[in-house]
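**Student:** Read off the chains here:
Protein chains: 2
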Amino acid sequence: MAVTNDTTNVEQWGIFELALQGSAEGNPFLDVELTAQFTHKQRIIEVDGFYDGDGVYRIRFMPDTEGIWRYSTRSNLGELNGVEGTFTCIALGADNHGPVRVFNTYHFAYADGTPYKQIGTTCYAWVHQGKKLEVQTLETLRNAPFNKLRMCVFPKHYAFNENEPEHYPFPCLSRGSSKWAGSWQGDQNEGWSFDFSRFDPAFFQHFERRVADLMALGIEADIILFHPYDRWGFSRMDAETDDRYLRYVVARLAAYRNVWWSMANEYDLMRSKTLADWDRFFRIVQESDPYQHLRSIHNCFEFYDHSKPWVTHASIQRSDLEQTRTWREQYKKPVVVDECCYEGNIPQMWGNITAQEMVHRFWTGTVYGGYVGHGDTFLHPQDILWWAKGGVLHGQSAPRIAFLRRILEDSPAAGLDPLDHMSSFLRFGHIGVGQSHDYYLIYFGPHQPAQIKINAPEGEQYNGEVIDPWEMTITPLKEPIVGSDIGGITVPLPGKSYLALRMRRIR
Amino acid sequence: MAVTNDTTNVEQWGIFELALQGSAEGNPFLDVELTAQFTHKQRIIEVDGFYDGDGVYRIRFMPDTEGIWRYSTRSNLGELNGVEGTFTCIALGADNHGPVRVFNTYHFAYADGTPYKQIGTTCYAWVHQGKKLEVQTLETLRNAPFNKLRMCVFPKHYAFNENEPEHYPFPCLSRGSSKWAGSWQGDQNEGWSFDFSRFDPAFFQHFERRVADLMALGIEADIILFHPYDRWGFSRMDAETDDRYLRYVVARLAAYRNVWWSMANEYDLMRSKTLADWDRFFRIVQESDPYQHLRSIHNCFEFYDHSKPWVTHASIQRSDLEQTRTWREQYKKPVVVDECCYEGNIPQMWGNITAQEMVHRFWTGTVYGGYVGHGDTFLHPQDILWWAKGGVLHGQSAPRIAFLRRILEDSPAAGLDPLDHMSSFLRFGHIGVGQSHDYYLIYFGPHQPAQIKINAPEGEQYNGEVIDPWEMTITPLKEPIVGSDIGGITVPLPGKSYLALRMRRIR
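First to last, the sequence lines map onto chains A and B. Residue 267 is where the first sequence starts when you use the numbering used here, and the numbers rise one by one after that. Residue 267 is where the second sequence starts when you use the numbering used here, and the numbers rise one by one after that.
In case anyone wonders, no lab produced these hints; they're calculated from the structure. Remember, predicted model here, so these are calculated numbers, not experimental data. Any given hint might turn out to be false.
Repeated chains share a single entry, so a pair holds when one copy, or any two copies, can fit it.
[Said to hold, decoys possible] Computed list of lysine to any residue pairs in SDA-like fashion (alpha-carbon distance at most 20 Å, straight line): (1) 762 x 616; (2) 574 x 738; (3) 719 x 361; (4) 762 x 712; (5) 383 x 599; (6) 574 x 763.
Working from the sequences, and respecting the hints, build out all of it.
**Tutor:** See the structure below:
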């Protein structure tokens, strides 16, 4: 069978999909091998296909270059083998900037060069909540500041999370208890059993629709491949099943340009996995993903060694964001503090900081040269907490985070790098980021200086603005900040805490 | 010459002083050796005397036991040798609890057993400001919550500190510049010279009068023996002068029961001293002090190794008070974070935190099992900043620190030790201190739980109170907190940040 698709147009970093009919006999998930080579001029990219149930096999491909692409399939199933064709990759649309990549060592940019200033949030299990709530979540996200969302493939068993998902990733053979027993380490999957030799395509079709929904909103999907909050047994599958699952997810999802791969949430709580397992998972994803989407792994207590070559950026859970600069220097990679506690009022300490503190932590992570993640965890009569299930935001930090995002998007494309706070420019230990001789952003946190001294070089001149991150105001200083080689210039400030000073070069 | 003082009464931990006339020829500071043995029953304590100028030699002694004490002097100056006598040590007065000692590994108590809950402040150079300001400082202290004050022997050269003291510890031979040149590392003592072979008794008479003034107010004097803020050369004396200075200070001051010895402030900024010098200073003070007053050393960046045996407690400069528990465990000694930034509005980051933040840091240090110090640094037209010169307090933290002191003084005598925050008692990671089965103090900082869960043992019952450290209110919970072996009890809280919960056992 030979198919020609040469009238098909796919925009750059869009998805080309080839659907093929084939035999459904036996166990196609195990038995059928299917790959395709996509060729553009001298480049050949090989991608894996996957079985999508009902005798349908699919191959997805994300072209990164305009022009005509040819493809050719290979399979051990005759009717899937040797299928050939072409499609045309056309210019990208207005809201498509391609996948996000590491940029300038410590930062991110879209593939088209547009800077990407990570402003994350967390809805771990939002795709497992049913249509009504999922649609509401998307509506909330449409008006929220977030350009990345952390979400799990597997359903979640945890405090406030007892409900069953509509679908499971594997066919369910027998159902067990849904009761939350105050543990989350995958111990009590009595009664539950699954056919781990097959996937449930309905689960993944639903999951990838939600990834596409986020793509349409311009939100990166930080897809969490494993996690410990489990009553079904998904955190304790054998190595063969783990690996097949990873390859299947990558084959289905890698062509979505907004995908990031997070090997795990709180990997260090998964007692049945070893460090060697995590290394292997990284390598499988690295080998299988033709597009080299971002890869990370998220800790509870102990950090994974983020300096390993397959890690693209550090994904961190910690409250002491003052360490961000140290982690940058340690790993020489972007640092994303995905969990620095959530705004909320639940009993758990990780989920009950104030909006003021959440905003403060976003600013702190920023001025130490990193990126921060948000979550919203308010007690709710139906246990609908944004952090796990989505729905609506109950906190007050989101508009302030939107304000910060606008400031970041208005900052130098090269990224905001820590200033030497003991330098003569910033005497007195103030904490700031910027690009020298161009742009400075200094944040004072709980400090309330009535004045500071700036030693800008002679001949340089800056517009100074006092930023109030909570009130969301930007107030220009009366006088420009003029460089002077002798003694510096005293800059009057309001003597109020939790303010920032922005300096933009005018001369 | 034999003197009998058997009609003299000295209260326990008061000062017995023997003044002797002798030759003033030559250099008595270098030439004359003078010691005395004080004997009570089987105990003999040897103390050093000192030359106080004008042919007057003194021996001071602090008796620790009631009853008749005999003494006998020894000297290489005939008229000072072999002086003998007695005095009677009587019961201590109402406001005298003796010197402060380490108690229960991590805490302090007065020698009479009264718990001492350290609430420190900082007036580094207050004794060098002249009578008017010094009297005002004492008046402020009379109404302030502080029971310890950090103060330097040597005058101070630093930002906001250009004024000359009335006296110097050594006779001044020539005067130099007083100008603050933006440095403080003892580089520019051009013009200044002193006769380091002699002390100026007037300087020390004045200094010890101020120590006595503090004693009368019930305030411990944390005497800083060296510091780097110097334009006179006192930070770069030779080893022989350093050692003689230490022995002289100890001989004069050790009999004051409120003395603590701080080897240095920011010892690690004193470029002319080595770690071996600091070890030697500790050993000299340890050998010379008959009463073994508390000994510590204060860092700027790098900690001294506080586990060395001559260090009685860790004196720390750091802002991350969450580490207090770690330092306790590391050193197995009391931890006093003497400098965690000061309340103020100066440009320097170490001197411009808000009152709210200062109060928060006091509470944070407390619930991690340590003790905290205060300072007040507001811009002042005459550069009178409390942290250096004393005067009056301009901040708003002191009343709140007084409130905390009352809470601490109403807490268990054994001290407040960190609770295992991952224990079943405090699920969810709350931070608290207490004594098990008796008293718990939990502080929430920027967290705002609307409820928490407490797993007190079955049969125990506690009065719960919500403490607002800023508003200084204590609000009893409506219901007692009742122990239960099954699932714990949910304690409703206001869902507001910067609150504490106190639980006191009632059954």
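**Student:** Decide, hint by hint, whether the structure agrees.
**Tutor:** A quick look at each hint next to the structure:
no.: 1; hint: 762 x 616; in the structure: between (28 Å within a copy, 15 Å between copies)
no.: 2; hint: 574 x 738; in the structure: neither (39 Å within a copy, 51 Å between copies)
no.: 3; hint: 719 x 361; in the structure: neither (43 Å within a copy, 47 Å between copies)
no.: 4; hint: 762 x 712; in the structure: both (9 Å within a copy, 18 Å between copies)
no.: 5; hint: 383 x 599; in the structure: within (15 Å within a copy, 45 Å between copies)
no.: 6; hint: 574 x 763; in the structure: neither (39 Å within a copy, 39 Å between copies)
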